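J.: The lines below spell out each chain.
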Amino acid sequence: MTALYGCECCGLVSAAPAGDAQVQLRCPRCAHPLHDEKPHSLQKTWAYLAASVLLYIPANALPVMTTSNLFRDTSHTIASGIAELWASDSWGLAIIVFVASIAVPLLKIGTLALLAWSVQYAPGWRRFERARLYRIVEGVGHWSMLDVYVVVLLAGIVQFGRLANVHPEPGLLAFAAVVVLTMLAARSFDPRLIWREPDEPTP
Amino acid sequence: MSDPTEPDPAGEGIPPAAAEPVVRRRNATRLSLVWIVPIVAVVVGASLLINTLMQAGPHVMIEFRTAEGLEPGKTEVRYKEVVVGRVEAVSLSDDRKRVQVGVRLDRAVSNMAVEDTNFWVVRPRIGMAGISGLNTLLSGAYIGVDAGNSTRSRKHFVGLEAPPFVLRNEPGRSFVLRAPDLGSLDVGSPVYYRRTRVGRVVGYTLDPVNDELTVQVFIESPYEPLVTQQARFWNASGLDLQLNASGLTLNAQTVSSVIAGGIAFERLPGSEGLAAAPAGTRFYLFDDRKAALAPPDGPALTIRMVFDQSVRGLSTGAPVDFLGIELGTVQSMQLLYDARTQRYPMEVTADIYPLRLGKVRNAMLQGAPAGGAADIRFLKQLVDSGLRAQLRTGNLLTSQQYVALDFTPRTPQATLDMSNGVPRVPTVPGTLSELQPQIAEIVARLNKVPFDEIGRDLQSTLSQARAAIRELSPEAQKALAEVQRTLGSVQASLQRLDRNLLDESAPVQRNVEQTMTELQRAAQALRALSDYLQRHPETLLRGKRADPPLADREKPR
Ligand SMILES: [Zn+2]
Numbered sequence: 001m002t003a004l005y006g007c008e009c010c011g012l013v014s015a016a017p018a019g020d021a022q023v024q025l026r027c028p029r030c031a032h033p034l035h036d037e038k039p040h041s042l043q044k045t046w047a048y049l050a051a052s053v054l055l056y057i058p059a060n061a062l063p064v065m066t067t068s069n070l071f072r073d074t075s076h077t078i079a080s081g082i083a084e085l086w087a088s089d090s091w092g093l094a095i096i097v098f099v100a101s102i103a104v105p106l107l108k109i110g111t112l113a114l115l116a117w118s119v120q121y122a123p124g125w126r127r128f129e130r131a132r133l134y135r136i137v138e139g140v141g142h143w144s145m146l147d148v149y150v151v152v153l154l155a156g157i158v159q160f161g162r163l164a165n166v167h168p169e170p171g172l173l174a175f176a177a178v179v180v181l182t183m184l185a186a187r188s189f190d191p192r193l194i195w196r197e198p199d200e201p202t203p
Numbered sequence: 204m205s206d207p208t209e210p211d212p213a214g215e216g217i218p219p220a221a222a223e224p225v226v227r228r229r230n231a232t233r234l235s236l237v238w239i240v241p242i243v244a245v246v247v248g249a250s251l252l253i254n255t256l257m258q259a260g261p262h263v264m265i266e267f268r269t270a271e272g273l274e275p276g277k278t279e280v281r282y283k284e285v286v287v288g289r290v291e292a293v294s295l296s297d298d299r300k301r302v303q304v305g306v307r308l309d310r311a312v313s314n315m316a317v318e319d320t321n322f323w324v325v326r327p328r329i330g331m332a333g334i335s336g337l338n339t340l341l342s343g344a345y346i347g348v349d350a351g352n353s354t355r356s357r358k359h360f361v362g363l364e365a366p367p368f369v370l371r372n373e374p375g376r377s378f379v380l381r382a383p384d385l386g387s388l389d390v391g392s393p394v395y396y397r398r399t400r401v402g403r404v405v406g407y408t409l410d411p412v413n414d415e416l417t418v419q420v421f422i423e424s425p426y427e428p429l430v431t432q433q434a435r436f437w438n439a440s441g442l443d444l445q446l447n448a449s450g451l452t453l454n455a456q457t458v459s460s461v462i463a464g465g466i467a468f469e470r471l472p473g474s475e476g477l478a479a480a481p482a483g484t485r486f487y488l489f490d491d492r493k494a495a496l497a498p499p500d501g502p503a504l505t506i507r508m509v510f511d512q513s514v515r516g517l518s519t520g521a522p523v524d525f526l527g528i529e530l531g532t533v534q535s536m537q538l539l540y541d542a543r544t545q546r547y548p549m550e551v552t553a554d555i556y557p558l559r560l561g562k563v564r565n566a567m568l569q570g571a572p573a574g575g576a577a578d579i580r581f582l583k584q585l586v587d588s589g590l591r592a593q594l595r596t597g598n599l600l601t602s603q604q605y606v607a608l609d610f611t612p613r614t615p616q617a618t619l620d621m622s623n624g625v626p627r628v629p630t631v632p633g634t635l636s637e638l639q640p641q642i643a644e645i646v647a648r649l650n651k652v653p654f655d656e657i658g659r660d661l662q663s664t665l666s667q668a669r670a671a672i673r674e675l676s677p678e679a680q681k682a683l684a685e686v687q688r689t690l691g692s693v694q695a696s697l698q699r700l701d702r703n704l705l706d707e708s709a710p711v712q713r714n715v716e717q718t719m720t721e722l723q724r725a726a727q728a729l730r731a732l733s734d735y736l737q738r739h740p741e742t743l744l745r746g747k748r749a750d751p752p753l754a755d756r757e758k759p760r
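From first to last, the protein sequence lines stand for chains S and V. At position 63 of the first sequence the residue is numbered 63 (the numbering used here), and the sequence of numbers has no breaks. Position in the second sequence counted from 1, then plus 203, gives you the numbering used here.
Hints were generated in silico from the structure; no laboratory data involved. These numbers were taken from a predicted model, which means no experiment stands behind them. Cβ atoms here follow ideal geometry from the backbone N, Cα and C, with glycine treated the same way. Hints may contain errors.
[To be verified] Short, incomplete list of chain V residues facing chain S, as computed with Cβ under 7 Å:
(1) 240
(2) 245
(3) 248
(4) 251
[What the hints assert, rightly or not] Cβ pair distances, simulated, as ranges:
(5) V:246 <-> S:167: 55 to 61 Å
(6) S:103 <-> V:225: 44 to 50 Å
(7) S:96 <-> V:372: 47 to 53 Å
(8) S:89 <-> V:482: 55 to 61 Å
(9) V:252 <-> S:103: 20 to 26 Å
(10) V:258 <-> S:24: 45 to 51 Å
(11) V:383 <-> S:66: 53 to 59 Å
Next comes chain S alone, as it looks inside the complex (with noise of 0.2 Å):
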């Protein structure tokens, strides 16, 4: 059976000979390679999600941020600063940062886990309600960044020397890392995996 492969860069479309498994094609024209699938697809989805879960923890326990005036320096990790937008009535701004940066990113790296499980354990199950998950997925991506964009944007704009200031912590960092972690995971899942048949060999 001959296999045809779309260049993913030039989109040339080339037509591999049958046999041999362990070799690497690439593309006639601009070199870029082929495959079936995206290579180490599941491991690095693996990698990805197993790192953004280690550095999850940092990145709720530390603080993101620390706003100094004259006499005092406060120190916000995201929940303390959920608690004191929800303690001071701003609901609406709570609920937003809760979800941008607890609920988006546990439901992504649980969505994904769920993604790559079932691709390993559970290649019939609801191929389609699967499919539209990690559009959903990749869709939210980067929409979790909203935390890093706003202390960052504060520590550009607020420095006034002693009278106020706000600068970033070493959780912000680790927050940033979980949310690059999470995208690059989606990134890696290959959704044709899903509608791999049981019987093809696994990449």
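Starting from the known structure of chain S, fit chain V with the ligand onto it as the hints suggest.
T.: Then chain V with the ligand, alone, in the frame of chain S:
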């Protein structure tokens, strides 16, 4: 994405010109390098967490009377204004009398959780020494720490209610001042040297048993060597406004000490080389600079003086002055009754310090030791040479009086009366009291003048005159008219006279002129005659000689 409902069957519709891909051997690694990412994540996350956990130091409990201004998670613990911890929890003690404040100290100051460490809450407070902790108005209260030196660790502390006034290890030296009274001093009042703040009052104690007030002062480094054994401290509190025989004296150290009170000290002149006094040295706190810097007075000699006059204006503490030198102060006044003269003399007791006379005393006593007999002998000599006590007015405006010991001329002989042990210095009436009877006499004489009668007479005379004038008035008017007329005619006559007499062309004038010319001539002739007669008196007898010839006229020359 392909439609799952209509999957395109593989192998159908292959484009005819499908290119041949480049084929290379795939390397056989099964494990992707991507697993480095979670390993890095573990390292980074762990390092972040460990770093944070490393910073957290010991957790201590501090007991306070109230948790006013203490907020969990916000209130800081500061040592020398450096944040070294944070309040984590505030709760009530079991008996609900105190509050328990849980504090997380920084790792770097974990050695602060030892036995003799003190904690207190810094809130804005307004005291005599000014407003402190003002920054807490904005930042909220915080907990201050004074680190202890002990090595025995401790987790539960009882907080102080007010900041301690000397921090442990604060460089400087404490001294004790015995004071007659506290004045407006308070804890925190400054200590000045040459009007520079070098320390502060850190406390005072009133010993009820010995009735002694001591003030503890702390001289901050590097000024502590300024306090030598010869240092003199005085109370520089507030405005030293003195109304006494020398008038109104206003003394102030600095504006701050005016408001908050303070202590000043100075070294006696000539004691610059002395070593610094050790910590805890006791000094006396004088009332003012003058008293502090005055040479030591030696023992006081009590004298009494009996004045046969009012002592109004003389107060306890008024100076006793010897030729301008303040020799002592009045201690008491007592009214006596003299049965023989039926009068009420005033006995004034005063303490004098003969040592203040220094050289005079030495010269007269040949340096006899101070006190008792020698000083009485000295006083006796002075009285024998005419020393008398006199009440004088130091200030006319306030009529404050003082006792002057002075040599008064023309006084009856008197001696120092030593009856009942206390020497009694003879007195003379005061200057003002001498003047008083004289003034009284003048007043009495003035009183004798019958001002009333004179006034009454004058009044009746005036009223009579007024009545007479009123009666006269019609005739007077007529008479006035007459007078006017007469005056008119007089004026006319005068004008005529003027024309006839004074005008240059008037005949009288001309005649007079001629007559005057004649008279002048006659006078000239007479003068010539008299001159001639003076020179030649013989002509009266012989007649005038003929004029000599011209050539002879030069001869007599
Ligand atoms: Zn290509």
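J.: Each of the hints needs a verdict: does it hold here or not?
T.: Verification of the supplied hints:
no., hint, result
1, 240, "holds (5 Å)"
2, 245, "holds (5 Å)"
3, 248, "holds (5 Å)"
4, 251, "holds (4 Å)"
5, V:246 <-> S:167: 55 to 61 Å, "violated (24 Å)"
6, S:103 <-> V:225: 44 to 50 Å, "holds (46 Å)"
7, S:96 <-> V:372: 47 to 53 Å, "holds (52 Å)"
8, S:89 <-> V:482: 55 to 61 Å, "holds (58 Å)"
9, V:252 <-> S:103: 20 to 26 Å, "holds (23 Å)"
10, V:258 <-> S:24: 45 to 51 Å, "holds (50 Å)"
11, V:383 <-> S:66: 53 to 59 Å, "holds (56 Å)"
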